[in-house]
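**Q** Assemble chains B, C, D, E and F onto chain A, guided by the hints.
Below, each chain spelled out in residue letters.
Number of protein chains: 6
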Amino acid sequence: MNNRKVYISGEIVPEVDAKISIFDSAVLLGDTVTESTRTFNFKPFKLDEHLERLYKSFKLTRIDPQMTIEEMKKVSLELLEINKDNYKTNEDCWLVHNISRGHSITGGNPALQVSKPTVMIYTQPMNLVLWAPFYTKGCHAVTPPTRMVPSQSLDARIKNRSRLFYTLAEIEAKLVDPDAQSVILDIHGNVAENKGGNIFMIKDGKLITPTTANCLEGLTRNSTMEIARSLDIEVIEAVIQSYDLATSDEMFITSTPYSIMPATKFNGMPIADGNVGPVTKKLIQGWSDRVGVDIIKQAEDQLHKH
Amino acid sequence: MNNRKVYISGEIVPEVDAKISIFDSAVLLGDTVTESTRTFNFKPFKLDEHLERLYKSFKLTRIDPQMTIEEMKKVSLELLEINKDNYKTNEDCWLVHNISRGHSITGGNPALQVSKPTVMIYTQPMNLVLWAPFYTKGCHAVTPPTRMVPSQSLDARIKNRSRLFYTLAEIEAKLVDPDAQSVILDIHGNVAENKGGNIFMIKDGKLITPTTANCLEGLTRNSTMEIARSLDIEVIEAVIQSYDLATSDEMFITSTPYSIMPATKFNGMPIADGNVGPVTKKLIQGWSDRVGVDIIKQAEDQLHKH
Amino acid sequence: MNNRKVYISGEIVPEVDAKISIFDSAVLLGDTVTESTRTFNFKPFKLDEHLERLYKSFKLTRIDPQMTIEEMKKVSLELLEINKDNYKTNEDCWLVHNISRGHSITGGNPALQVSKPTVMIYTQPMNLVLWAPFYTKGCHAVTPPTRMVPSQSLDARIKNRSRLFYTLAEIEAKLVDPDAQSVILDIHGNVAENKGGNIFMIKDGKLITPTTANCLEGLTRNSTMEIARSLDIEVIEAVIQSYDLATSDEMFITSTPYSIMPATKFNGMPIADGNVGPVTKKLIQGWSDRVGVDIIKQAEDQLHKH
Amino acid sequence: MNNRKVYISGEIVPEVDAKISIFDSAVLLGDTVTESTRTFNFKPFKLDEHLERLYKSFKLTRIDPQMTIEEMKKVSLELLEINKDNYKTNEDCWLVHNISRGHSITGGNPALQVSKPTVMIYTQPMNLVLWAPFYTKGCHAVTPPTRMVPSQSLDARIKNRSRLFYTLAEIEAKLVDPDAQSVILDIHGNVAENKGGNIFMIKDGKLITPTTANCLEGLTRNSTMEIARSLDIEVIEAVIQSYDLATSDEMFITSTPYSIMPATKFNGMPIADGNVGPVTKKLIQGWSDRVGVDIIKQAEDQLHKH
Amino acid sequence: MNNRKVYISGEIVPEVDAKISIFDSAVLLGDTVTESTRTFNFKPFKLDEHLERLYKSFKLTRIDPQMTIEEMKKVSLELLEINKDNYKTNEDCWLVHNISRGHSITGGNPALQVSKPTVMIYTQPMNLVLWAPFYTKGCHAVTPPTRMVPSQSLDARIKNRSRLFYTLAEIEAKLVDPDAQSVILDIHGNVAENKGGNIFMIKDGKLITPTTANCLEGLTRNSTMEIARSLDIEVIEAVIQSYDLATSDEMFITSTPYSIMPATKFNGMPIADGNVGPVTKKLIQGWSDRVGVDIIKQAEDQLHKH
Amino acid sequence: MNNRKVYISGEIVPEVDAKISIFDSAVLLGDTVTESTRTFNFKPFKLDEHLERLYKSFKLTRIDPQMTIEEMKKVSLELLEINKDNYKTNEDCWLVHNISRGHSITGGNPALQVSKPTVMIYTQPMNLVLWAPFYTKGCHAVTPPTRMVPSQSLDARIKNRSRLFYTLAEIEAKLVDPDAQSVILDIHGNVAENKGGNIFMIKDGKLITPTTANCLEGLTRNSTMEIARSLDIEVIEAVIQSYDLATSDEMFITSTPYSIMPATKFNGMPIADGNVGPVTKKLIQGWSDRVGVDIIKQAEDQLHKH
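Chains as they are written, first to last, in this note's numbering: chain A, 996 to 1301; chain B, 996 to 1301; chain C, 996 to 1301; chain D, 996 to 1301; chain E, 996 to 1301; chain F, 996 to 1301.
Isolated chain A, as found in the complex (with noise of 0.2 Å):
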């Protein structure tokens, strides 16, 4: 047991009471955006650029929030300092914002917010044991035959929870590997992203990726794009295909917990000669420059605990 707090629509309560109804939206009908931000020497990275995120997505599901920004974020930040005695020094966590319309009349207007939003914003430990083995030997990426909910459908970056196919993808990926990561195609075929990250590859020295038309717009991802360009390296958004994978000189997946997680297979072919290669190394080390925090020894140190 642990003695986490968390904000429930303006109230503050322990962790274990931190429920909600079961007549939510965000449980009958999948209807919650959200956003992940983690924190680097237990502080939030890029926040501002998350609560806009968020934003955009109250925007575009109508959600009305009934905060400003503003006071979102200094909910937030005050969530943050109640925690802070929860972790250790050197520690970080997740700073997560999870917002529903609110309650869900059953057989009612969808359409109609009828109640104040649920707003859930919580903070919990940064696990990376799952991952910490892939920064030095890396992962296998797996195409699972699911494909990507097409923009038409629902835009991948409205950053929503209705995300069961994510979850089916995953699975489909791990009957190849149980350790595997899941690289999602389109419907025409086409890379678009990780359950929860984005692709990346390397090819003579180029850092490559899908453009946002098939994928969430992740900020880990823009800010691997900011650092490669720091260092240097020539950034391209393009249409990516599964043999781009394969022929690449290196790839990684990037997502808010892990920054950058190299692949070193591809569907049972190795990346290259099946090592994490220099680019993905001189851009994780950018990622610990960048924040400050050695991100390979924080995630191993975890699993040397474990």
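Honestly, I wouldn't trust all of these hints.
Copies of the same chain look alike in the list, so a pair counts if it works inside one copy or between any two.
[Claimed, not checked] Calculated cross-link-like contacts (lysine-lysine; reagent style BS3-like; alpha-carbon spacing at most 30 Å):
(1) Lys1111 x Lys1276
(2) Lys1260 x Lys1277
(3) Lys1292 x Lys1054
(4) Lys1198 x Lys1068
(5) Lys1069 x Lys1014
(6) Lys1300 x Lys1068
(7) Lys1054 x Lys1132
(8) Lys1198 x Lys1079
(9) Lys1014 x Lys1111
(10) Lys1276 x Lys1132
(11) Lys1041 x Lys1201
(12) Lys1038 x Lys1300
(13) Lys1069 x Lys1276
(14) Lys1198 x Lys1069
(15) Lys1051 x Lys1260
(16) Lys1068 x Lys1111
(17) Lys1300 x Lys1111
(18) Lys1000 x Lys1132
(19) Lys1038 x Lys1277
(20) Lys1083 x Lys1260
Hints are computed from structural coordinates only; laboratory data are not their basis.
**A** Coordinates of chains B, C, D, E and F only, in the frame set by chain A:
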């Protein structure tokens, strides 16, 4: 306030206490499968069929309910009995099943079920006020620009709660008319389904509805086809498009709460003469006969009390 | 009644007598290519570019105009001169070219040009009353459910008059708002064009518009990009989707008559703060400077007289 | 020169004076719906069905004809009577309806009907010279690279005159053979229709044609299916592809003027032994019996006089 | 080493000498059409149907076999007779036809047949060891991420040897399970076929299989449908998707060597209770009856000797 | 007859004896990857790049060549040396690699490599007679109705010999003109590639070609882009469509044997004035300079001798 009770993972609790953790995969990942049964004369209608479909959804999502279908039925009927006194004679209710994979670890492997599933079962008053006027005047059916999630991304027949795109499509339809009911097209432009219902049309005395290649295999859909056949109405499952609906003789939507909702307007155009047609009326009467409840009267009574 | 004259296949006739046979392929087969040039200070703007595009359309449709581009220009300028006195000082006009394959034999081979082409050239008052209010308050841009005709069926760059689908899409958009302007998506859900105009957005100071893979290569589009570059605004041609428009900083549509029509609402959502933005204003000013006419004033003057 | 008369919006005028304004939406926007009926023994065949389909097209395009279907029929029959003396005994004619939304304001709102519609009705000699040889030797059916406009862009069942893409597809087919008749595929590669006709094949004694999901619901198509059924030939509507046509036993195209046009060659390959087959002949005979005219003789007589 | 003889373009040669030039279009262009017939009791099963399909493939590929179908049959039966002594009593064999356009000039026009075709006909032992265990325990059917070549690129019904994509799909399926058998989806996500076989399922006593719009029209498929009908089992050709297979009562694959291969697992999920079902058993028995060979016993005998 | 020698799996044999078993997976499954290098002045051009691409194809197809890339190069150069005397001074040749997975067991698991691979390496005279006239008069480029195999079925960049669809598309193009060269569109209607070549166009002085998302990444394509850049010609990789080609200033196809083949006609329409354009000539000259051979003269000399 009410005295209704809810079943949550083995416990019977008052509705006001029916809450789940914000760390549940229902909230975090839209990772929930569901069924909504309704009663007629307070008897659950086709409960066995609903539970069979629920167990198909468990299979496809690899959620382990940790209960047999017989146990699920038993607790469902017990819950209905417990709640009986909260409903008046002649009043009917929803019996809803909503089951998630359970606890979700932030940043964990979503493909793994790490805890007991969260089994939510509850009853809700069968509120028909929104739909009641449509039995006699028909609704306005509207096609939103958003397209159905294709089956190669997430099959609509897995009845789940990752349904944000439904709400967004419904919002778009309601831009045309605040009372509009959505007719969602698939990515090829063929008619798929209503958010929560199936689309039917009558042409030259025949009942026509899309195949289940792009929509939920609704149990109300199936019952309507059975009733039609029992009335010697030919039933055809086919690809249908907006042109077919616009030039049909009659049109309606089927769903659990209202059984049949006539549509007399489609994208601003009247269906035939703009009145509810004779075959639709016959099918509604067939439903009333089949379930032993005058379904129009039941809905209109609510409207008048309202 | 007016004294305007029209050129039809070599004859100059009063507008009231400007008629073509109902057996013309323009009427029977929508077999017409076209250009609409406008004047600024009664000088035709980019007439050469319009005629060049017209001759590309001739080529693709295999219509033989039986006139060189120089002859076409000569008669066009002569017609403008003839009509000059029908327009007041400071008044501008359309100069429209509409050319069909000519006589069509009912049941004949449509691929053969069996007669002289029908060359229609005329001027029309530049009526801006419908659009004038949008310069300051912006229009409401709406995506209809109908999708753009794909280029593998008929390339939008062949500027033609087989445009029924445009009218139907516009009718659908106007179901949402009688003043709505359509934003037609292509069959993949990407933004294509407005009926008669191109779509632009501003994001982070950059001007973004779809590539011409799914839309007309508008000359007003091209001029707007030139003006933007001359003002040191970066111009990007890319795949854009509804999400991009909804979260853009500014949005507008370009077309010959109004040059730039700001959009401040998209599918019911405000664009940014719902006001015409600074880059759009700068570009409109750029247009006014470029053409030597205060384009907002010209339109608003019409509105006030109206 | 001839004495035929034409009906234009209430007036009966000589054909030579049958003209419409170049500002008509027929000319400016391809905004016209249409029907082409033919006579057999100078009686219009299935005129009621043609007018019913015309009124469906009015509905979908929101063109208000400002005439009831009965009035439309009355003036049509009167026009036929007026023109009777222009046709010899045993000669047949087209009876064509072409109706536009009327006057179009350059730069105005195309969705509004601002004037009376333009109702054009006329007769034309049933010239069968082009097709006559095909009854006995069969035509060469060719698939052009251009694909059918998909129904989500413009449903082929709205019989309209925005048909430039048809002419372009026909031009492509005629690159292969100047006498080729087009077999247009849809964007999925399935057989859709001929420019102006429906595609049929015979396989193992069964008559097979595409469903109307991607093509016009031709009245000649429907009559052919009726005749086939009356001759105990099984009729199947299905997805068909080039392979099916190439390996069929017989193939033909149906359209109003020629009823049935056998195809004995497909993309350079003979259909079966390259001769018109027995089922096709039986169906042509069935047509002749049904309409009381020897349709082959009628066409060949024209050819010989020619 | 064996004594089997092979027919190559008119010569009978020992298998060891059965070679073709590396400049043959079979090797250089995958320009080969093929049939694989098998014997039962050493009689070739449906040889006429196989040869008819072969001649359809010749037609579509414009390969001129320079032999009539009767000559092809004659040499095939002669070859079988020649090889008879190489097979034991009760042993069966493949009779394979593989015919290419012949010599290919490097850099020449591939559309021209510049030489005699290369006609390869041979027999091979009917090795059933790989599949034998599946008759009783069922195989694991797996959907690879690679999608079926669409018919608008190359119709699967042209039975050809340009089949690299089959091998790649099969490799992907075997990443999940080394014994997996592929279930290849088409680009719309619908079930197409197995590399070399057709997919069937049983639901509520009915036998369901995809239409041939996206797969080979297998002769074993057709025979299985005939046998089913003779056993009063309803047969349906329809669009089917992964959901259908996963929730089917029984599933199997048909192909020439094994006739019917039950599948009891699909993407890691059991089909029904995970055992070979009663309808499948009945159909296998129907096959044994039809061909006069106990097909399970024949396969298992091989397994035991193995 | 000639004295050329061929390398087959370790043996050097006369061309006439260069044969492989009809049981090879090259013959039975189109299971072959390939490269075609040509010499200039009898030096193989970009052999390293060809072999690197070959090894990418091995990787994607999981064919194990059982030779290192260095060994492959060594035997290739040795073979060239051996054959040198068969070619005259100033004569050039092909150096072709064609490697299959080896022996294929009829009915066996195609995903397994059960034997040594079959490594075929040979030289062939560089016969340019077919193409020679096109350097000065240009070829006729034609789009067939068949569409490119999409990358989600088989990526065109895996240079393989399962190419029947190429031959069929080429046959269709040649229905229009026996000398036509195919311009194959992808399933979205975008320009993909020529059977064996890449498509380029010049517009406003810029060199434009499709990205490799739907076509082979041709080495001649890449060299042409390098040469263009060295001549200060801007190079753009983009989506291009038939309209772009038809309205381009110049058009050509690139492939190993001819380097650049100008196209002066497209689907019956002249490209610009129908003559080979100045940028194309400059690029051909650039090629001649780059490789030290007057490529036009070399081809025309063959023509004259022919």
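**Q** Each hint should be assessed against the structure and marked as holding or not.
**A** Here's how the hints hold up against the structure:
1. Lys1111 x Lys1276: Intra 46 Å, inter 38 Å, cutoff 30 Å: neither.
2. Lys1260 x Lys1277: within (19 Å within a copy, 44 Å between copies)
3. Lys1292 x Lys1054: Neither: 39 Å inside a copy, 34 Å across copies.
4. Lys1198 x Lys1068: Close across copies (24 Å), not inside one copy (39 Å); limit 30 Å.
5. Lys1069 x Lys1014: Both: 22 Å inside a copy, 27 Å across copies.
6. Lys1300 x Lys1068: Cα proximity of Lys1300 and Lys1068: none, with 33 Å in one copy and 46 Å across.
7. Lys1054 x Lys1132: between (41 Å within a copy, 21 Å between copies)
8. Lys1198 x Lys1079: Answer is neither; intra-copy 42 Å and inter-copy 37 Å both fail.
9. Lys1014 x Lys1111: both (16 Å within a copy, 17 Å between copies)
10. Lys1276 x Lys1132: within (12 Å within a copy, 48 Å between copies)
11. Lys1041 x Lys1201: both (25 Å within a copy, 22 Å between copies)
12. Lys1038 x Lys1300: Cα proximity of Lys1038 and Lys1300: one copy only (23 Å, versus 56 Å across).
13. Lys1069 x Lys1276: neither (36 Å within a copy, 35 Å between copies)
14. Lys1198 x Lys1069: between (43 Å within a copy, 27 Å between copies)
15. Lys1051 x Lys1260: between (36 Å within a copy, 15 Å between copies)
16. Lys1068 x Lys1111: within (19 Å within a copy, 35 Å between copies)
17. Lys1300 x Lys1111: This pair counts as between: shortest inter-copy Cα distance 27 Å, intra-copy 43 Å.
18. Lys1000 x Lys1132: The answer is neither: 36 Å in one copy and 47 Å across copies each exceed 30 Å.
19. Lys1038 x Lys1277: within (23 Å within a copy, 40 Å between copies)
20. Lys1083 x Lys1260: Intra 35 Å, inter 48 Å, cutoff 30 Å: neither.
Hints 1, 3, 6, 8, 13, 18 and 20 from the earlier list are contradicted by this structure; the remaining hints agree with it.
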